[in-house]
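Visitor: Residue strings, one per chain:
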Amino acid sequence: MEIKLVFLWTDMLIYLLLLSAIGFAVYSIRFEHLRSPWRQVAHNRLAMVAGFVLFCYIIIGLCDSIHFQERAADEKGQIVKDSQGGIIYKPDVLSVLDILVTSIRENTEDSYSAPLATHSYSMKNITLPDGKQIRTYAKLKYEGKHLFGTDKVGMDVFYRALKGIRTGIVIGTLTTLIMLPFAIMTGIMAGYFKGWVDDLIQYIYTTLSSIPGVLLIASAILMLQVYMDTHADRFENIIIRADTRLFFLCVILGVSSWTGLCRILRGETLKLMEMEYVQASMALGVGHFKILLKHIIPNIMHIVLISVVLDFSGLVLAEAVLSYVGVGVDPTMESWGNMINAARLELAREPIVWWNLAAAFILMFGLVLSANLFADAVRDAFDPRLRTK
Amino acid sequence: MKMNNDPLLSVKDLRTCFRTTNGLARAVDGISFDIPAGKTLALVGESGCGKSVTALSIMRLIQEPAGYIAGDRIIFQGQDLLKLSKRKMREIRGNRISMIFQEPMTSLNPVMTIGEQIMEVIQLHRGLSKKEALGLAVEMLNQVKIPDPAIRISEYPHQLSGGMKQRVMIAIALSCEPDLLIADEPTTSLDVTVQAQILMLMKELQQKEGTAILLITHDIAVVYEVADYITVMYAGRAIEQAKRSRFFRHACHPYTTRLFESLPSMDKRNEQLSTIPGRVPDPTRYPEGCRFADRCHLAFDRCNKEDPKMRFIEKGHSIACHLENAPAISTATATITRKTEGRATYTSSPLVSVKDLKIYYPIRKGLLKSIVGHVKAVDGIDISIGQGETLALVGESGCGKTTMGRGILRLIDITCGTIHFNNIDIMHISGSKLRRLRKDMQIMFQDPYGSLNPRMMVNQIISEGLISQGIGGNKKERDNIVKELMDQVGLDPGMIHRYPHEFSGGQRQRIGIARFLAVKPKFVVCDEVTSALDVSVQAQILNLLKTLQQREDLSYLFITHNLSVVTYIADLVAVMYLGKIVERGTIREVFDTPGHPYTQALLAASPCIGEDGRKKIFLEGEVPSPVNPPEGCHFHPRCPKVMPGCRKVYPGQYSLSETHSTRCWLYE
Ligand code: SF4
Ligand code: SF4
Numbered sequence: 001m002e003i004k005l006v007f008l009w010t011d012m013l014i015y016l017l018l019l020s021a022i023g024f025a026v027y028s029i030r031f032e033h034l035r036s037p038w039r040q041v042a043h044n045r046l047a048m049v050a051g052f053v054l055f056c057y058i059i060i061g062l063c064d065s066i067h068f069q070e071r072a073a074d075e076k077g078q079i080v081k082d083s084q085g086g087i088i089y090k091p092d093v094l095s096v097l098d099i100l101v102t103s104i105r106e107n108t109e110d111s112y113s114a115p116l117a118t119h120s121y122s123m124k125n126i127t128l129p130d131g132k133q134i135r136t137y138a139k140l141k142y143e144g145k146h147l148f149g150t151d152k153v154g155m156d157v158f159y160r161a162l163k164g165i166r167t168g169i170v171i172g173t174l175t176t177l178i179m180l181p182f183a184i185m186t187g188i189m190a191g192y193f194k195g196w197v198d199d200l201i202q203y204i205y206t207t208l209s210s211i212p213g214v215l216l217i218a219s220a221i222l223m224l225q226v227y228m229d230t231h232a233d234r235f236e237n238i239i240i241r242a243d244t245r246l247f248f249l250c251v252i253l254g255v256s257s258w259t260g261l262c263r264i265l266r267g268e269t270l271k272l273m274e275m276e277y278v279q280a281s282m283a284l285g286v287g288h289f290k291i292l293l294k295h296i297i298p299n300i301m302h303i304v305l306i307s308v309v310l311d312f313s314g315l316v317l318a319e320a321v322l323s324y325v326g327v328g329v330d331p332t333m334e335s336w337g338n339m340i341n342a343a344r345l346e347l348a349r350e351p352i353v354w355w356n357l358a359a360a361f362i363l364m365f366g367l368v369l370s371a372n373l374f375a376d377a378v379r380d381a382f383d384p385r386l387r388t389k
Numbered sequence: 001m002k003m004n005n006d007p008l009l010s011v012k013d014l015r016t017c018f019r020t021t022n023g024l025a026r027a028v029d030g031i032s033f034d035i036p037a038g039k040t041l042a043l044v045g046e047s048g049c050g051k052s053v054t055a056l057s058i059m060r061l062i063q064e065p066a067g068y069i070a071g072d073r074i075i076f077q078g079q080d081l082l083k084l085s086k087r088k089m090r091e092i093r094g095n096r097i098s099m100i101f102q103e104p105m106t107s108l109n110p111v112m113t114i115g116e117q118i119m120e121v122i123q124l125h126r127g128l129s130k131k132e133a134l135g136l137a138v139e140m141l142n143q144v145k146i147p148d149p150a151i152r153i154s155e156y157p158h159q160l161s162g163g164m165k166q167r168v169m170i171a172i173a174l175s176c177e178p179d180l181l182i183a184d185e186p187t188t189s190l191d192v193t194v195q196a197q198i199l200m201l202m203k204e205l206q207q208k209e210g211t212a213i214l215l216i217t218h219d220i221a222v223v224y225e226v227a228d229y230i231t232v233m234y235a236g237r238a239i240e241q242a243k244r245s246r247f248f249r250h251a252c253h254p255y256t257t258r259l260f261e262s263l264p265s266m267d268k269r270n271e272q273l274s275t276i277p278g279r280v281p282d283p284t285r286y287p288e289g290c291r292f293a294d295r296c297h298l299a300f301d302r303c304n305k306e307d308p309k310m311r312f313i314e315k316g317h318s319i320a321c322h323l324e325n326a327p328a329i330s331t332a333t334a335t336i337t338r339k340t341e342g343r344a345t346y347t348s349s350p351l352v353s354v355k356d357l358k359i360y361y362p363i364r365k366g367l368l369k370s371i372v373g374h375v376k377a378v379d380g381i382d383i384s385i386g387q388g389e390t391l392a393l394v395g396e397s398g399c400g401k402t403t404m405g406r407g408i409l410r411l412i413d414i415t416c417g418t419i420h421f422n423n424i425d426i427m428h429i430s431g432s433k434l435r436r437l438r439k440d441m442q443i444m445f446q447d448p449y450g451s452l453n454p455r456m457m458v459n460q461i462i463s464e465g466l467i468s469q470g471i472g473g474n475k476k477e478r479d480n481i482v483k484e485l486m487d488q489v490g491l492d493p494g495m496i497h498r499y500p501h502e503f504s505g506g507q508r509q510r511i512g513i514a515r516f517l518a519v520k521p522k523f524v525v526c527d528e529v530t531s532a533l534d535v536s537v538q539a540q541i542l543n544l545l546k547t548l549q550q551r552e553d554l555s556y557l558f559i560t561h562n563l564s565v566v567t568y569i570a571d572l573v574a575v576m577y578l579g580k581i582v583e584r585g586t587i588r589e590v591f592d593t594p595g596h597p598y599t600q601a602l603l604a605a606s607p608c609i610g611e612d613g614r615k616k617i618f619l620e621g622e623v624p625s626p627v628n629p630p631e632g633c634h635f636h637p638r639c640p641k642v643m644p645g646c647r648k649v650y651p652g653q654y655s656l657s658e659t660h661s662t663r664c665w666l667y668e
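If you're matching them up, the sequences are chains A and B in order.
Using the numbering used here, you'd call the opening residue of the first sequence number 1 and step up by one each time.
Using the numbering used here, you'd call the opening residue of the second sequence number 1 and step up by one each time.
A portion of the hints provided could be inaccurate.
Here are the simulated PhoX-like cross-link-like pairs (lysine-lysine), alpha carbons at most 25 Å apart as the crow flies [to be verified]:
no.: 1; chain 1: A; residue 1: Lys145; chain 2: A; residue 2: Lys124
no.: 2; chain 1: B; residue 1: Lys433; chain 2: A; residue 2: Lys290
no.: 3; chain 1: A; residue 1: Lys271; chain 2: B; residue 2: Lys369
no.: 4; chain 1: A; residue 1: Lys290; chain 2: B; residue 2: Lys483
no.: 5; chain 1: B; residue 1: Lys546; chain 2: B; residue 2: Lys520
no.: 6; chain 1: B; residue 1: Lys145; chain 2: B; residue 2: Lys641
no.: 7; chain 1: A; residue 1: Lys271; chain 2: B; residue 2: Lys365
no.: 8; chain 1: B; residue 1: Lys365; chain 2: A; residue 2: Lys194
no.: 9; chain 1: B; residue 1: Lys243; chain 2: B; residue 2: Lys12
no.: 10; chain 1: A; residue 1: Lys290; chain 2: B; residue 2: Lys475
no.: 11; chain 1: A; residue 1: Lys139; chain 2: A; residue 2: Lys152
no.: 12; chain 1: A; residue 1: Lys4; chain 2: A; residue 2: Lys90
no.: 13; chain 1: A; residue 1: Lys145; chain 2: A; residue 2: Lys132
no.: 14; chain 1: B; residue 1: Lys243; chain 2: B; residue 2: Lys315
no.: 15; chain 1: B; residue 1: Lys145; chain 2: A; residue 2: Lys194
no.: 16; chain 1: B; residue 1: Lys309; chain 2: B; residue 2: Lys243
no.: 17; chain 1: B; residue 1: Lys203; chain 2: B; residue 2: Lys243
no.: 18; chain 1: A; residue 1: Lys4; chain 2: A; residue 2: Lys81
no.: 19; chain 1: B; residue 1: Lys243; chain 2: A; residue 2: Lys194
no.: 20; chain 1: B; residue 1: Lys243; chain 2: B; residue 2: Lys39
no.: 21; chain 1: A; residue 1: Lys290; chain 2: B; residue 2: Lys476
no.: 22; chain 1: B; residue 1: Lys131; chain 2: B; residue 2: Lys145
no.: 23; chain 1: B; residue 1: Lys131; chain 2: B; residue 2: Lys12
no.: 24; chain 1: A; residue 1: Lys194; chain 2: B; residue 2: Lys12
no.: 25; chain 1: B; residue 1: Lys315; chain 2: B; residue 2: Lys12
no.: 26; chain 1: A; residue 1: Lys290; chain 2: B; residue 2: Lys520
no.: 27; chain 1: B; residue 1: Lys522; chain 2: B; residue 2: Lys546
no.: 28; chain 1: A; residue 1: Lys290; chain 2: A; residue 2: Lys271
no.: 29; chain 1: A; residue 1: Lys124; chain 2: A; residue 2: Lys152
For each label pair, taking beta carbons as the anchor points, the in silico distance ranges come out as [stated by the list, open to error]:
no.: 30; chain 1: B; residue 1: Val372; chain 2: A; residue 2: His288; range: 30 to 36 Å
no.: 31; chain 1: A; residue 1: Gln202; chain 2: B; residue 2: Pro277; range: 28 to 34 Å
no.: 32; chain 1: B; residue 1: Tyr156; chain 2: A; residue 2: His288; range: 52 to 58 Å
no.: 33; chain 1: A; residue 1: Gly23; chain 2: B; residue 2: Asp487; range: 32 to 38 Å
no.: 34; chain 1: A; residue 1: Leu369; chain 2: B; residue 2: Lys130; range: 31 to 37 Å
no.: 35; chain 1: B; residue 1: Glu103; chain 2: A; residue 2: Leu200; range: 28 to 34 Å
no.: 36; chain 1: A; residue 1: Gln202; chain 2: B; residue 2: Lys203; range: 52 to 58 Å
No lab work stands behind these hints, which were simulated from the structure alone.
Since the structure is predicted, the reported quantities are computational estimates derived from the model, not experimental observations.
Where is the CB? At the ideal position from N, CA and C, for every residue including glycine.
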C-alpha cells in the first residue's frame, strides 16, 4: 500500500522535543553526576509506576503523531489515478495509532451504548424479518467490545479518549516549550542586569498579566478562525486546519502564561545574585554569560521543572475549559475538552450518558497524576541539598 | 548527707538517641554533671558534640519519636524529670527551668508585641491577673535594662535590635523566677560590645535572684568570663570537668589542651597554631576505644582498645583519658618571645591604595520611588596595603566593613573615591580590562555554605577562575592544576568530582581558598572567613592562610569582628565605626595603647582568657543605624568620654605616632 507521510506543525515540534530529550539522555549518560539522580529515581517505586504510566501515554501520543495519507482506491481495491495519471490520496489523514487500533476505530455502532453493553442504550424501531415493527433495545454489532461505550454517532468512546491523549500532551508540552525560553530569558535578565532592563521587563509583564487570559486567547483564536475561513485553500484538509488551530492555541497560551514564571525567576535571580558564589565568580572575572549559564540557570532549574509540571497539568486542564467555552481546539479535533463539552448535553438528557465524561476524566486524571508524581521524584533527586549519599 | 548540699540539678548518665536512616545516632551518650544552686556550669565543645541535645533533654524537648531519652536520670530539686508526666513537665518548663536560644530573631513571635509574649508566660505559670502581669512585665523589661519599658512593651520584635531581642528573651525566661536557666549560645549572634552587656546582665541577675545557669557555648573565652564549673563535651560525652580556677590553669585532657592551643592570639603570631586533625566521629558509629583516639596527638596502644572512664585526678577535676600524667595547658602561662615584629611601615608604593571611598545606598520611598536619603555604608575611607601585608578591618555588624571589602573589588557600585591597584586606577576601567585585572584581586567569604554553588562539582568550582582567565589549556590540564591546588590546601585530590554538600564547613573554606589560589592573586579580601567555624578548624584555616601568604607574598584585607584572630594574623589594623575608620595603626599600637574610646571599649568587651584584673568598659546601647548617624562624632551617644564639642563636628585625623592615628577630639 502506498502512503504519503504528512508532517503537521505540532508533529515537527514534538519530534524536536523528542530529539532534545534523547540528546539530553545521551549527554547525561556520560556524566556520573547527571546519571546518579536518575538512578535514585529508579529506586523510587512510586515514581517508577508513575513513570511507566507516563511512558505509556507518551508512546500513545507519539504513535498518534506520525501521520500519513493512503492512496485512494476504488471499491475493488484498485488504485485510482486522476485524469493526468497523477496520484490521488484519500482525504483523511491517519496516524500510526489509528492503524494500531483499527478494530476499535472501525467498530462503530448506530448510537449510544453503555460501557461493555450488549444492547443499545435507547430503544429503537426494528423491522423484524416478518415485516413487523417493534420497539426494543437492539443488539449491538460488537457486543461487549466497547470499553467506554459509544457516543451519539456510535463512535467508540475509548478510541476518542485515546486520540485525546495527543491533544493533551501537545497542549501541555508545546505550550511550555514555546514560552520557556522566553520566560527564562526575560526572568533572569531582569534579575541579573537590574536597572532599566528590569524596569522594561517588569512593565511588559505587568501589562500583559493584567489582560484577562481568556480574552486574549478568545480574540486570537477568533482572528485565526477568520483567517482560516478566508484562506480556506491554504489548508488541504480538516486535520491540517485543526492542527494549525492547535498550534496557535499553544502559542497564545504560552504568550499568556509566561509572565508568572518570569516573575518567579526574576525574584529567584535577585536572590541568587546576593549569593556569595556569584560574587566570587564575578571577582574571578567570569563573564556575564558564563555566570548566567553556570550559576544562575542551574540553580533556577528546579523552579522551572516544578512550574513546567504544574503548568503541564494546568494546561491539560485549561484545554478542557477553553474547548468547553468554544475557544479551544477545533471542534472536529478529538480532545478531552471537546468530549467534556459534548458531555454537557449528555448529562442533561434522560437517561444520562455519563461515559463520555468518565472516559475523558479517567484518562486526564491518569496523565496529570502520574506526571505530578514522577516530576516530584525527579525534582527531589536533582536537588543536591536533599540528596542522601 | 544533708538536703541543702544536694545540687539543684544532677544529671546522671544521660543518653539521648535519634533514629536516623544511617542507624541509631547516640547524640548524647552517657554524660553526668551537677549544677549547684546559684552557680553557672558551662558546657563547652565544638559543633556536633551534643551540647544542645543535652540541654533539650533536660527540658524534655527532644522531638519524639525520632529521638528518645534512654538515659538514667535527671534529678532536679529532688525529683527525676525523666519520670514526670508530660503535664507535670510542662509546669516545670518555663517556670522552674527556662531556656534562651541563640537566635533571638526566630525565638520571638513576630506578630505578638513583646509585652504580650512576656505576659503570656507570666499568666500561664503564675496565675496572675492581666493587670498584675502587665505590671510585672514592665518590671522585667526594666530589670533587663531595656530603656522606656512602658513604651517598649507594646512594640513588636522587628522594632528591636538583636541585643534588645535577646534581653526580651532573658526577660521572658526570668519572668517566673526560675531556679535554672539554660542558655544555649546566648551571645553567639551578637556583637562583642552587646555580648559583654548581655553576659554582664546574666551575671547580675544571677547574683540577685540566685538562679543557676547552664551555659552552652563553643567560646572558651566566654566561659572564662562567666562560668563557675566547666564540662567539656566530646562525641556525646563529658571528657573533662573542673572548677573554673583549676580548669584554666590545669586542664589536661589532650582535647581540651589542643583546643586552648588552637586559639589564636598575639603571642602566637610567629608560630603555626596547633590544630586537631580529622573530625568528630559520626554519632552512629563511635569507635570502640577512646573516641578521640584517631585525632589525639598523644594516643597510644591502649586508647584504641579500651574506652577511658571519667576519673578524678584531683578533687573536683576529672578527665576521661588513659594518660597518667597528661600535660596541662601551656598557653595561659607561657609567653613566647616574639622574634620579629609584624611589618609596620608601608612598602614604598602600596599594592592597594584607596582614597576617600564612599559607598552610599539610596533610600527610595513613595510611588515614584524618589530618593529620600542615603545609607552611608562607607563614608570616606582611605586605606593602603603593601605587598605581603595584612590589614585587618574590625568593627561591629553594620559598620560597613563588608561593603567596604566588596567595594574595593568593585563587586558593588561605588559612589565616589579612587582605588589604585598596583598603580592602576581601577575605578576607570571596565569590561574585559577589569575582568583581566580581577585575577589579581580575590575574595573569600564567611559562609561556607553560601559561597559554593551547590550544583557544581569541586573541580568545576575551582577551575572557574582558570577558565575565565585562560589559564591551563584543556580540561585535562586544568584538572591537574585543580588537583595540585587541592593538595596545597589540604584536600584529598581524589574528591574532585564531589559536590560541596559532601564537605564539612572547614573543607568548604579550603575549597574557597583553592578557588582564589587558582588565579594566583596578589591581594585577597577575607570576609569573616573563620567566624562560622569551630576553633580547631579556624586554626587550620588561619595556618593555611598564613603559610600561603608567606609563600606567595599575598596581601590580605582581613575583615572580622574577632579580635584575637586579628592579633594573630594581621600586621595593621583599622577600626571602623559607622562607615568611617576611627583608629588605625600596627597591631601593637592599637591593641596595647588604643587611642579612640571605641577601640578601648571594643578591646575591653571582647572576652579574653587570663586577664582577670582587666578594667571593663561597658558601652551603652548598640551601633546606631547608618541611615541617620548621630551628628558630630558618630560615637558620641555611646562614648564614655564625650565632650560638648563632640556633638557638633566630626573629628579630624590626629597622629599618635608615624603609623598610629585616630579620629577623636581627645587628641586635638
Ligand atoms: S585516652 Fe588516649 S586517645 Fe583518648 S584522649 Fe587520652 S591519650 Fe588521647
Ligand atoms: S570625639 Fe568625642 S565622642 Fe567621639 S570618640 Fe572622641 S571623645 Fe568620644
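Visitor: Evaluate each hint against the coordinates.
Guide: Structure-based check of all given hints:
For the suggested pair lysine 145 of chain A and lysine 124 of chain A, the alpha carbons sit about 20 Å apart, so the restraint of at most 25 Å is met. At most 25 Å may separate the alpha-carbon atoms for a hinted pair to count; lysine 433 of chain B and lysine 290 of chain A meet this at roughly 17 Å. With a CA separation close to 21 Å, the supplied pair lysine 271 of chain A and lysine 369 of chain B stays within the 25 Å bound. Taken as a hint, the lysine 290 of chain A and lysine 483 of chain B pair is honoured in the structure, with Cα atoms around 23 Å apart against an allowance of 25 Å.
The hinted pair formed by lysine 546 of chain B and lysine 520 of chain B meets the criterion: a straight-line CA distance of about 15 Å does not exceed 25 Å. Straight-line distance between C-alpha atoms of lysine 145 of chain B and lysine 641 of chain B comes to about 22 Å, which keeps the hinted pair within the 25 Å bound. At roughly 22 Å between alpha-carbon atoms, lysine 271 of chain A and lysine 365 of chain B fall within 25 Å of each other, so this suggested pair holds. As the CA atoms of lysine 365 of chain B and lysine 194 of chain A are separated by approximately 18 Å, the hinted pair is consistent with the 25 Å bound.
Among the hinted pairs, lysine 243 of chain B with lysine 12 of chain B is consistent with the structure: their alpha-carbon atoms are about 19 Å apart, no more than 25 Å. Proximity of lysine 290 of chain A to lysine 475 of chain B is assessed by CA-CA distance (about 16 Å); at most 25 Å being required, the pair is judged to hold. For the hint pairing lysine 139 of chain A with lysine 152 of chain A, the CA-to-CA distance comes to about 16 Å; that is within 25 Å, so the pair holds. Distance check on the hinted pair: lysine 4 of chain A and lysine 90 of chain A sit about 10 Å apart at the alpha-carbon level, within 25 Å; holds.
Straight-line distance between C-alpha atoms of lysine 145 of chain A and lysine 132 of chain A comes to about 29 Å, which puts the hinted pair past the 25 Å bound. With a C-alpha separation of about 10 Å, the suggested pairing of lysine 243 of chain B with lysine 315 of chain B holds against the 25 Å cut-off. For the suggested pair lysine 145 of chain B and lysine 194 of chain A, the alpha carbons sit about 44 Å apart, so the restraint of at most 25 Å is broken. Only pairs whose Cα atoms come within 25 Å are accepted, and lysine 309 of chain B paired with lysine 243 of chain B is accepted, the gap being roughly 19 Å.
The hinted pair formed by lysine 203 of chain B and lysine 243 of chain B meets the criterion: a straight-line CA distance of about 17 Å does not exceed 25 Å. The straight-line distance between the Cα atoms of lysine 4 of chain A and lysine 81 of chain A is roughly 15 Å, inside the 25 Å bound, and the hint therefore holds. Of the supplied pair hints, the one linking lysine 243 of chain B and lysine 194 of chain A is violated, its CA atoms being roughly 58 Å apart against a limit of 25 Å. A threshold of 25 Å between alpha carbons decides the hint, and for lysine 243 of chain B with lysine 39 of chain B the separation of about 11 Å falls inside it, so the pair holds.
Proximity of lysine 290 of chain A to lysine 476 of chain B is assessed by CA-CA distance (about 20 Å); at most 25 Å being required, the pair is judged to hold. Under the criterion of a C-alpha separation no larger than 25 Å, the hint pairing lysine 131 of chain B with lysine 145 of chain B is consistent with the structure, at around 21 Å. Simply put, lysine 131 of chain B and lysine 12 of chain B have alpha-carbon atoms about 42 Å apart, too far for the 25 Å limit, and the pair is violated. With a C-alpha separation of about 60 Å, the suggested pairing of lysine 194 of chain A with lysine 12 of chain B is violated against the 25 Å cut-off.
Our distance criterion of 25 Å between C-alpha atoms is met by lysine 315 of chain B and lysine 12 of chain B, whose separation comes to about 19 Å. At most 25 Å may separate the alpha-carbon atoms for a hinted pair to count; lysine 290 of chain A and lysine 520 of chain B meet this at roughly 21 Å. Restraint check: the Cα-Cα separation between lysine 522 of chain B and lysine 546 of chain B comes to about 14 Å, which is no more than 25 Å; the hinted pair holds. For the hint pairing lysine 290 of chain A with lysine 271 of chain A, the CA-to-CA distance comes to about 18 Å; that is within 25 Å, so the pair holds.
Between the alpha carbons of lysine 124 of chain A and lysine 152 of chain A the distance comes to roughly 14 Å, so the proposed pair stays at or under 25 Å and holds. At about 32 Å, the beta-carbon gap between valine 372 of chain B and histidine 288 of chain A stays in the expected band of 30 to 36 Å. Checked against the given bound of 28 to 34 Å, the beta carbons of glutamine 202 of chain A and proline 277 of chain B, roughly 53 Å apart, lie outside it. Look at tyrosine 156 of chain B against histidine 288 of chain A: about 41 Å separates their beta carbons, and that is not inside 52 to 58 Å.
Under the hint 32 to 38 Å, the C-beta atoms of glycine 23 of chain A and aspartate 487 of chain B, about 37 Å apart, fit the expected range. Between leucine 369 of chain A and lysine 130 of chain B the Cβ separation comes to about 53 Å, which falls outside the hinted range of 31 to 37 Å. Look at glutamate 103 of chain B against leucine 200 of chain A: about 40 Å separates their beta carbons, and that is not inside 28 to 34 Å. One distance hint, 52 to 58 Å for the beta-carbon pair glutamine 202 of chain A and lysine 203 of chain B, holds here, with the actual separation near 53 Å.
Against the hints set out earlier in the document, violations occur for numbers 13, 15, 19, 23, 24, 31, 32, 34 and 35.
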